[in-house]
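Using the sequences and the hints, build the whole thing.
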Amino acid sequence: MLISSLKIKNFRNYSDFKIKFNPEGALILGENGIGKTNLLESISYFAFGKSFQTSRDLELINFSKAFFRIEAEFIIQNKSYSFEAASDRSKKIIKINNLNIARISELYKHLKVVYFSPNDIEIIAGSPVFRRSFIDQAISQYSFEYIEALRIYKRILKQRNALFKANYSTKEKRAWDEQFAQVGTNIIKLRLKYLATFTPLLEKYYKKISGAREKLNADYKYSFPNDDEDIYDNLMDHLLRIEEQEKHQERSLAGPHLDDFDIFIDSHSARNFSSQGQKRSIAIAMRLVQTELIKEKDDDTPILMFDDVLADLDKMRTERIIEMLKGKHQIFIATPNVTNYRSFGLPEIDLKHELGKTSET
Amino acid sequence: MFNGFLEDLVNNLKKLPGIGSKTAQRLAIHLISKEKADAINLAESIKDAVQSYKHCSICNMLSETDPCLFCEDSTRMENVICVVENTQDAYLIENLHEFRGRYFVLNELLSPLDGIGPEEINFPKLERIINSGEINEIILALNPSAEGESTINFLASQFEVKNIKITRLSTGLPFGGDIEYTSSLTLSNAFKRRYSVTE
Ligand SMILES: [Zn+2]
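So the protein lines, in turn, are chains Z and V.
Number 361 marks the last residue of the first sequence (the numbering used here); no jumps.
Number 560 marks the last residue of the second sequence (the numbering used here); no jumps.
Please keep in mind that the hints were generated in silico from the structure rather than gathered at the bench.
Ideal placement from N, C-alpha and C gives every residue a C-beta, glycine not left out.
The list that follows gives simulated cross-link-like pairs (lysine-lysine, DSSO-like), each with its CA atoms no further than 27 Å apart:
| no. | chain 1 | residue 1 | chain 2 | residue 2 |
| --- | --- | --- | --- | --- |
| 1 | V | Lys383 | Z | Lys65 |
| 2 | V | Lys383 | Z | Lys92 |
| 3 | V | Lys415 | V | Lys375 |
| 4 | V | Lys383 | Z | Lys9 |
| 5 | Z | Lys91 | V | Lys383 |
| 6 | V | Lys376 | Z | Lys91 |
| 7 | V | Lys375 | Z | Lys91 |
| 8 | V | Lys526 | Z | Lys171 |
| 9 | Z | Lys65 | V | Lys375 |
| 10 | V | Lys523 | Z | Lys171 |
| 11 | V | Lys383 | Z | Lys95 |
| 12 | V | Lys375 | Z | Lys95 |
| 13 | V | Lys376 | Z | Lys95 |
| 14 | Z | Lys154 | Z | Lys297 |
| 15 | V | Lys486 | Z | Lys165 |
Partial pick of chain V residues on the chain Z-facing surface, computed with a CB cut under 8 Å:
| no. | residue |
| --- | --- |
| 16 | Gly476 |
| 17 | Gly478 |
| 18 | Ser511 |
Label pairs and their computed distance ranges (CB to CB):
| no. | chain 1 | residue 1 | chain 2 | residue 2 | range |
| --- | --- | --- | --- | --- | --- |
| 19 | V | Tyr556 | Z | Arg151 | 18 to 26 Å |
| 20 | Z | Lys171 | V | Val411 | 31 to 39 Å |
| 21 | Z | Lys154 | V | Gly379 | 23 to 31 Å |
| 22 | Z | Ser5 | V | Ser413 | 55 to 63 Å |
| 23 | Z | Gly345 | V | Ile380 | 49 to 57 Å |
This is the structure in structure tokens:
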């Protein structure tokens with residue numbers, strides 16, 4: 001899949017901007033602060049129904065403006081689609097071929113973008129929030145069942161947390177617990193299934209990038225005592241045991257919204273026992289596996305965005321990665337420094353120049 | 362441009378489900394500019410319906426009479442009760458001509474976020490009906506949303522000890538779907554293939 005044109009209005013630093021893209025993608029050049037990330041952010045809005053940086057649309061609206069609007073033409077499985085998104089302070093509207101979509105999840109069905117972020121190192125080094133959001137995004141792009149389960153789980157979680165603020169009967173709590181554990185178990189099973197496919201590929205890609213021979217593994221970490229055998233029963237039992245704590249803290253203290261996973265490198269936790277360079281390579285390998293699995297599932301190639309992430313790798317690693325992907329995906333690389341990438345032969349977009357062009361017309 | 366009575370009218374129309382600002386303005390202009398007698402009739406019939414309809418004291422259905430026509434109808438089966446969220450869902454099921462038993466309208470689904478617990482879904486009233494001993498099947502015809510599912514779990518757990526058959530609509534209804542937006546064929550299938558909740 002690929003994007004062929006983009007029009008943005010009142011989005012971040014863009015007041016009125018139009019641009020066309022080539023099927024191979026582009027090197028997006030410009031000094032820091034000129035809006036390279038914002039450009040990638042506007043395109044990927046159509047894949048996630050929100051920004052990759054914030055879930056608050058308000059932050060995306062150009063200072064002092066009332067709304068933003070983005071329009072784009074995409075080609076998916078050789079068919080052309082027009083996408084449109086607009087948001088003001090109170091509501092957002094997203095259209096595909098002029099029809100309003102009912103749920104954000106519909107976007108996940110159509111458009112796949114993998115965004116390699118400079119913050120991706122946090123997936124290895126940071127708090128569990130980063131790993132959960134990685135895995136939730138990756139599986140949502142891979143399985144529609146997962147997005148639906150996640151949506152319903154979030155709703156039940158909200159309801160269950162509200163329950164702890166009220167007076168409730170044992171049977172009322174049980175009614176919510178059963179559903180919470182049921183949908184929660186589905187989510188966990190889909191995550192385990194995804195990780196089982198993911199891990200062998202992770203090692204393969206890590207080797208390709210780094211040339212190293214370390215063994216990589218991923219281990220799912222439950223927020224409740226569990227032996228993988230009967231997740232539902234174990235979660236239900238645990239919910240009974242922690243009722244007083246949950247009541248006291250007025251929120252749900254176990255379930256997939258608090259689970260985590262560990263990456264092991266030669267059986268040491270990558271979080272604690274790997275160098276910055278190793279962490280960076282693992283993070284990129286994870287994005288590449290995310291890409292690979294979308295490809296397998298969809299028989300179409302996601303759009304790839306590298307937001308200045310390759311700059312920290314040595315030239316050899318960068319070249320290995322681009323060689324692997326070039327010609328197969330539409331690739332956008334945002335960078336202040338063209339020299340690292342010129343050899344890849346991607347069309348160059350000089351943002352300063354492009355911004356000047358639009359303001360003249 | 363909209364002020365006075367017209368502004369009030371637009372604001373009142375906007376409170377209706379599915380009516381946005383633009384539609385409300387168009388409807389308001391239409392009402393005051395075209396056949397005025399039609400608009401007055403509409404106003405009268407809204408008033409009549411609103412004033413004469415209340416919740417049936419037995420089943421909570423919105424009805425002009427109390428008890429409602431369903432509760433009054435002696436040809437309907439006394440031993441099967443179909444629990445629905447609202448009067449509209451009861452009519453949707455009635456129109457399938459699959460069901461000839463009693464209805465019970467909850468009017469709400471369990472939702473701690475909105476402060477809705479067993480009292481608010483009229484559970485005590487339903488419990489009295491079930492305890493009367495006449496009922497031997499409860500059909501839980503609720504939407505498969507988070508709130509609907511929890512309400513099903515809750516009601517099933519309350520009545521499972523009573524040796525009553527408790528069924529729910531088959532999952533022909535999409536998870537997270539809405540009875541109101543389901544085609545009558547799908548709903549009819551979901552109704553026919555209802556299955557036991559308590560095994
Ligand atoms: Zn009645």
